[in-house]
Amino acid sequence: MTLTLGLPSKGRLQADTIDWFAARGVEIAHTGDRRQYSAEARGVDGVTVVMLAANEIAHALAAGRIHLGVTGEDLVREHIPDWQRRIALAAKLGFGQADLIVAVPAFWVDVETMADLDEVAEAFRARHGHGLRVATKYHNLTRAFFQSKGVADYRLIDSQGATEAGPKNLSCDAISDITSSGGTLRANHLKPLEDGLILSSEAHLCVSRAADWASAAIAALATLSASLQVPLAP
Amino acid sequence: MTPVRLGEDHAALDGALAALAAVYARAGYAPVTTAHLFEAETLIDLYGEDIRARAFLFPGAGGGGELCLRPDFTVPVVRAHGALGWDRAARYAYQGPVFRRQAPGSTRPSEYFQAGIENLGAPDAAAADAEVFALIHEGLRALDAGPLSVATGDLGIAFALLDALPMPARRRRQLRRHFWRPRRFHALVEEAVAGQRAPSPLRTRLLAAATGPAPADAVAALAAEAGEVLGLRETDEIVARSLALAEAAGEARMPRGEADLIEAALGVKGPAGNALARLRAITAEGGVNIAPALDRLEARLAALDAAGIDAAALPFDAGFGRNLEYYEGFVFEITAQGRADLPPLAGGGRYDAMTQRLGAAAAIPAVGAMIRPEAVLRARELTP
Numbered sequence: 001m002t003l004t005l006g007l008p009s010k011g012r013l014q015a016d017t018i019d020w021f022a023a024r025g026v027e028i029a030h031t032g033d034r035r036q037y038s039a040e041a042r043g044v045d046g047v048t049v050v051m052l053a054a055n056e057i058a059h060a061l062a063a064g065r066i067h068l069g070v071t072g073e074d075l076v077r078e079h080i081p082d083w084q085r086r087i088a089l090a091a092k093l094g095f096g097q098a099d100l101i102v103a104v105p106a107f108w109v110d111v112e113t114m115a116d117l118d119e120v121a122e123a124f125r126a127r128h129g130h131g132l133r134v135a136t137k138y139h140n141l142t143r144a145f146f147q148s149k150g151v152a153d154y155r156l157i158d159s160q161g162a163t164e165a166g167p168k169n170l171s172c173d174a175i176s177d178i179t180s181s182g183g184t185l186r187a188n189h190l191k192p193l194e195d196g197l198i199l200s201s202e203a204h205l206c207v208s209r210a211a212d213w214a215s216a217a218i219a220a221l222a223t224l225s226a227s228l229q230v231p232l233a234p
Numbered sequence: 001m002t003p004v005r006l007g008e009d010h011a012a013l014d015g016a017l018a019a020l021a022a023v024y025a026r027a028g029y030a031p032v033t034t035a036h037l038f039e040a041e042t043l044i045d046l047y048g049e050d051i052r053a054r055a056f057l058f059p060g061a062g063g064g065g066e067l068c069l070r071p072d073f074t075v076p077v078v079r080a081h082g083a084l085g086w087d088r089a090a091r092y093a094y095q096g097p098v099f100r101r102q103a104p105g106s107t108r109p110s111e112y113f114q115a116g117i118e119n120l121g122a123p124d125a126a127a128a129d130a131e132v133f134a135l136i137h138e139g140l141r142a143l144d145a146g147p148l149s150v151a152t153g154d155l156g157i158a159f160a161l162l163d164a165l166p167m168p169a170r171r172r173r174q175l176r177r178h179f180w181r182p183r184r185f186h187a188l189v190e191e192a193v194a195g196q197r198a199p200s201p202l203r204t205r206l207l208a209a210a211t212g213p214a215p216a217d218a219v220a221a222l223a224a225e226a227g228e229v230l231g232l233r234e235t236d237e238i239v240a241r242s243l244a245l246a247e248a249a250g251e252a253r254m255p256r257g258e259a260d261l262i263e264a265a266l267g268v269k270g271p272a273g274n275a276l277a278r279l280r281a282i283t284a285e286g287g288v289n290i291a292p293a294l295d296r297l298e299a300r301l302a303a304l305d306a307a308g309i310d311a312a313a314l315p316f317d318a319g320f321g322r323n324l325e326y327y328e329g330f331v332f333e334i335t336a337q338g339r340a341d342l343p344p345l346a347g348g349g350r351y352d353a354m355t356q357r358l359g360a361a362a363a364i365p366a367v368g369a370m371i372r373p374e375a376v377l378r379a380r381e382l383t384p
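In order, the protein sequence lines correspond to chains G and E.
Quick note on my numbering: the first sequence kicks off at 1 and runs consecutively.
Quick note on my numbering: the second sequence kicks off at 1 and runs consecutively.
Among the hints, erroneous ones may be present.
As the list claims (entries may be wrong) - Across the chosen pairs, the derived CB separations fall in these ranges:
1) K92(G) / P292(E): 35 to 43 angstroms
2) R24(G) / P199(E): 33 to 41 angstroms
3) A61(E) / T223(G): 24 to 32 angstroms
4) S106(E) / T223(G): 37 to 45 angstroms
5) G85(E) / E202(G): 29 to 37 angstroms
6) E202(G) / E8(E): 54 to 62 angstroms
7) A63(G) / D217(E): 39 to 47 angstroms
8) F38(E) / E27(G): 36 to 44 angstroms
Note that these hints are calculated values from the structure, not bench results.
Keep in mind the model is a prediction, meaning the values are calculated, not measured.
By construction, the Cβ of each residue, glycine as well, lies at the ideal position given by its N, Cα and C atoms.
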């Protein structure tokens, strides 16, 4: 066992990942009880599979605890400072699509762009005594995006779920969140801003640049790369 | 960051701090101490969310607000001054470590010493600017800092220009607001020259509603049709901005000459004496009167001369200091000559307006500056 591959431990992302590997002749089979999160890769030698939460995969890649992993580009960019030095986004997998976008209440008929949002933020502070509250769990990506758009006078509010409901219960005024379709936004009377796309993310097969790439691991990587028909290099 | 200083290293920093304390005390600056930790709210309010990328913030214990490791001394010192009454003059000296989050991969230290001064409430701004600048030079001399490069600027000139040029109030407000973000500022100037882009279908309907009969009702109806009222922003705020947008839609473009004048004034560089003359010439040619701001620059140069500095020869750059946060008048930075590898050895400037954001009823005169003793020691050690 020489190369460690981290795969998502549950849900749609796990199922899509297993299908993707299977379509390329690598069978990911659960071993033992499903709840033990253990699995093996059949059809390729020298690979140990570990099942981890998708955001844990990003951290494990960055720390070099795993050589390869499947996780979302959004999680890598959000959670790993200086990620380019530590992780290579080797291949797009064609699933797990998620757009991180800025959305505001649909009844804000005077707001369509980030520049509108900035002007509104200024007036909002004057009226309400504090910055416009933007709820998100993507703090780093959102802050960098707002800075690049020159938006000031806003406050980030941490929201780990049901972010779209924030404006309705007055815990925020706008959101920055993942949307795979516009349905949830519309159902919550929100609309995306025209130039408010922060990131178009999807699942990636990622290579750790921080892992121990002993020759055996390199050899296993080459074998896997050939089976999957995806160029892989640390 | 030097994790532990032993022997000579410890003595060198200790000696530098003592020398600076003596220089500041002789000039009448009273020593103050501040806590390392304070409530983050003030800083977030002042700098916005971007502060999180530059300072260390973390949750306070027991459900209290966030705490911050001080990223500089100015905010806590000015607040402490205000707590005892804003309407009085005072001179303060401080020293101690500050904490800055650095970009990933940066070799800049995230903890370093500052030894600085704040001069608050002095009615003669030119004299106070010169006093602070001269005292920082004296401090650097006391540390035997070696050959120095000086950069100076005056952010008051750009603000005066924006105030003096004829333009719609909304455009002026936006340009002032984004002066600190040069890229956005430049884009706003170019947009003002090019005129507004073709409106979206929604914007077309909004403008029609806002310019038709009973505009407030018409805009409110459009908003109600678009969705439920959510968040703290209310319908009357949307109506007010929509009416302002309608007014702005009829605004004249910024003449190219005006945009050129702004960029030309911000681009003036050279020895301060020549720069002043050049700014007088450019603005006279452009038919805009910012004499009071230029007179303030002239008075400062005279005060610097009186303090024994060859003011006319000081390097001046009208665009300098746009990335230096809250400064809005005189601004300067001092680096070790030929040592781009070191951070600036010293810097400072005037920040009257910030005192109002920190609680003063009206802005009070405020100018301050600091020396980074560790950077000075490194410059001295390695100078051939």
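Query raised in the report: Of the hints given before, which are not true for this structure?
Result: When the structure is compared with the hints, numbers 1, 2, 3, 5, 7 and 8 turn out to be violated.
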